[in-house]
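J.: The primary structure of each chain is shown beneath.
Number of protein chains: 2
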Amino acid sequence: MRLSKYFLPVSKEAPSDAAIASHQLMLRTGMVRQNGAGIYTWLPLGLNVLKKIEQIVREELNRAGAIEILMPTLQQADLWKESGRYEAYGKEMLRITDRHDREMLYGPTNEELVTDVFRSYVKSYKQLPLNLYHQQWKFRDEIRPRFGVMRGREFLMKDGYSFDLTPEDARRSYNRMFCAYLNAFERMGLTAVPMRADTGPIGGDLSHEFIILADTGESAVFCDKALLEMPAPGADLDFDADLTAEVEKRTQHYAATDEMHDEAAFAELPEERQVSARGIEVGHIFYFGTKYSEPMNALVQGPDGQMVPVEMGSYGIGVSRLVGGIIEACHDENGIVWPEAVAPFHVGLINMRVGDEACDNACNQAYAALTDAGIDTLYDDTEDRAGAKFARMDVIGLPWQIVIGPRGIANGVVEVKNRKTGEKSELSVADALAMVRPS
Amino acid sequence: MRLSKYFLPVSKEAPSDAAIASHQLMLRTGMVRQNGAGIYTWLPLGLNVLKKIEQIVREELNRAGAIEILMPTLQQADLWKESGRYEAYGKEMLRITDRHDREMLYGPTNEELVTDVFRSYVKSYKQLPLNLYHQQWKFRDEIRPRFGVMRGREFLMKDGYSFDLTPEDARRSYNRMFCAYLNAFERMGLTAVPMRADTGPIGGDLSHEFIILADTGESAVFCDKALLEMPAPGADLDFDADLTAEVEKRTQHYAATDEMHDEAAFAELPEERQVSARGIEVGHIFYFGTKYSEPMNALVQGPDGQMVPVEMGSYGIGVSRLVGGIIEACHDENGIVWPEAVAPFHVGLINMRVGDEACDNACNQAYAALTDAGIDTLYDDTEDRAGAKFARMDVIGLPWQIVIGPRGIANGVVEVKNRKTGEKSELSVADALAMVRPS
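First to last, the sequence lines map onto chains G and L. Residue numbering for the first sequence follows my numbering, starting at 64 and increasing by one per position. Residue numbering for the second sequence follows my numbering, starting at 64 and increasing by one per position.
Each hint should be verified, as a subset may be incorrect.
Copies of the same chain are indistinguishable here, so a pair counts whether it falls within one copy or spans any two.
Straight-line distance between alpha carbons at most 27 angstroms, and here's what the computed DSSO-like set of lysine-lysine pairs gives [what the hints assert, rightly or not]:
no. : residue 1 : residue 2
1   : Lys144    : Lys288
2   : Lys487    : Lys75
3   : Lys288    : Lys68
4   : Lys114    : Lys75
5   : Lys68     : Lys189
6   : Lys189    : Lys144
7   : Lys75     : Lys144
8   : Lys186    : Lys75
9   : Lys189    : Lys312
10  : Lys68     : Lys186
11  : Lys312    : Lys288
12  : Lys75     : Lys189
13  : Lys483    : Lys75
14  : Lys186    : Lys144
Keep in mind that the hints were calculated from the coordinates and are not lab data. Being a predicted model, the structure only gives us computed values, none of them experimental.
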């Protein structure tokens, strides 16, 4: 993409009302624009990141056997009356009345709606297991939205739901999501720690939050260092196999949010393994059995001919929240430092003297070569001065910068800079291309 | 995708309350499930099609220089008060009050919001032209939603907005979208005819609807047959060039919806070129100048230093409506007949005797070969009887079917069926693969 044809409204000043780094940086780099309390427009740079996260989530869930659907944003109140949550949910639920005075709501989550879809079609254990997910905008009318997309009101969530005949099968579905989540977060360049969690308004008796560590995290977290050092199960994991060992390898270690923290148990860890930090919740999984299927009469026939309420779990990832969460975990004093897999572009190409024929030609050739190699490139072909161009590339945080100027051209080299390490190299165009090629 | 691991709730009966073919077929094939009046869940098969259409729209708009963003579904009422449309819009606008009693609404369209985004960042003609689009769910509280996704209340629309300094530049932006739309619809396998249209509540003085012909179309349309025979401008079109000739090549021919129909002008056409049919609107483009920029004070500085209201146009494509529209245009007595580019899968592979080792092996090998070749395949590995399998593949309308049974295996052949022509061939697996490979 040529910057002269793009829409990248980067500003120099940090906005005064943004309290945390990700919110400041997202506004400064023109990733989002606020349209109201907790409501944002995603501008091109921000949308690129959002879509990359969405795609990683999609691929990792599909790999684990989940199936994508798309439920609507608005729901009928009737379903929530069946489950008993319509009154219970409180003011965070945005209630709406249509022109025919029907009670509706903007979905804050989808247990009821997906249970209704399920019960319309599935009647037999032979159609199980089933795991349906979607990535759709939700609305929660937070009393005090803040921290930008980290605690917005309209937000993009992946929520998935598993359906099984027995608690044992449901536990297997839970384990599949447990592992898929670790894989997804690792692909985004994050270390996510699963922590035993409170089940809150969703209900149920088994639940884990997935927490990434960042100084600005919303809550105190405590865990065994071993969990930070353990790689995710990986793409080769056989999701049809028994994953109990994969899960227990992690749950055997101490990890808890402050709500669930057990000071005494934590103190038993060797001191060098006690990690006490701040964390950001990026995912949350629940096993809640028949909490919704029972009142909503979502029954399936077992092999014995009996109709029983289906066993369910639900699985959330905060897709738009992750954009802020990744920035919290990945930035320095000059701006964002994107992990490769979620970077809005892979390379920033800077033309140091636009209008100079040799420089323009060299840049055009490099840009064509990068594009031909399938490398997403943002080409700064604007007439801004060099300092502004460097600062802008640094703050938007693309993994690699390639700088082409008259002096380098005379010597047959370009400058390649790694945004994360700051390391600079002078290389031929061919060597530069080889260096920045995604691993 | 193995059907045994998929979620494809195909039913035999046409639902009684669906009045048109696309609505019946979408319910029968489990593409969507209704959750309320004019509100649908997209099940896996339907979502596949929706995403393909969305991606074609994205690629063709990007090719024409438009830039993707994503605006929220909910908007502040204040912006609509600035433009004067808050009261004017009537009951189709879903009005919402949040917990702090702020007036909000579910966006039925986005002229106001995008103008607000624009005026926050763009101050000079040097940042123009600019064309921003998004693909986001909209809500219009239709008094009588019907025809399934063709006239739903919650629907997916691509809406784009162009910003230019002068009316002449705005006309160039309009022409770019005019051509991009023709390219997008042609890629979907549709012949879309641009017709001079009424501008309605959007306003302005220049507008074209893009209409596809189908017997069940919502309105009568009249056009010169030449328009049905003219190919789209094509992917090689230079969108930086003057596109006036491309546009006039089409607008010189008679074409009008019934609202704009001029019986006398139509009668002047040679009789064999008079096409009088029913049509479905799938896109609509508008040039409306300063209708929103003036009241909303979206000003840009021209080369002469003067601040002037920016010239705008807006451009809509009914993305979810197109799913129904394509089915209306592409079905037969056995079900849907998808154009290749939007088919939910490219090939349906039928195992005629699941459990028979030779048959299972042959199917597994063919499935692996298709998958390795990057061909999206739905593999029917269920134990349903052959008749049910054939009927299901026919009704969901994948472009190709490959049928593998014991008799064919004995002769070293599989059967390949073209869904559209009904033509069947007995071929080796290798020849079958060559035949179904996407063009």
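J.: Please write out, lowest number first, the hints stated earlier that are contradicted by the structure.
T.: 1, 3, 6, 7, 9
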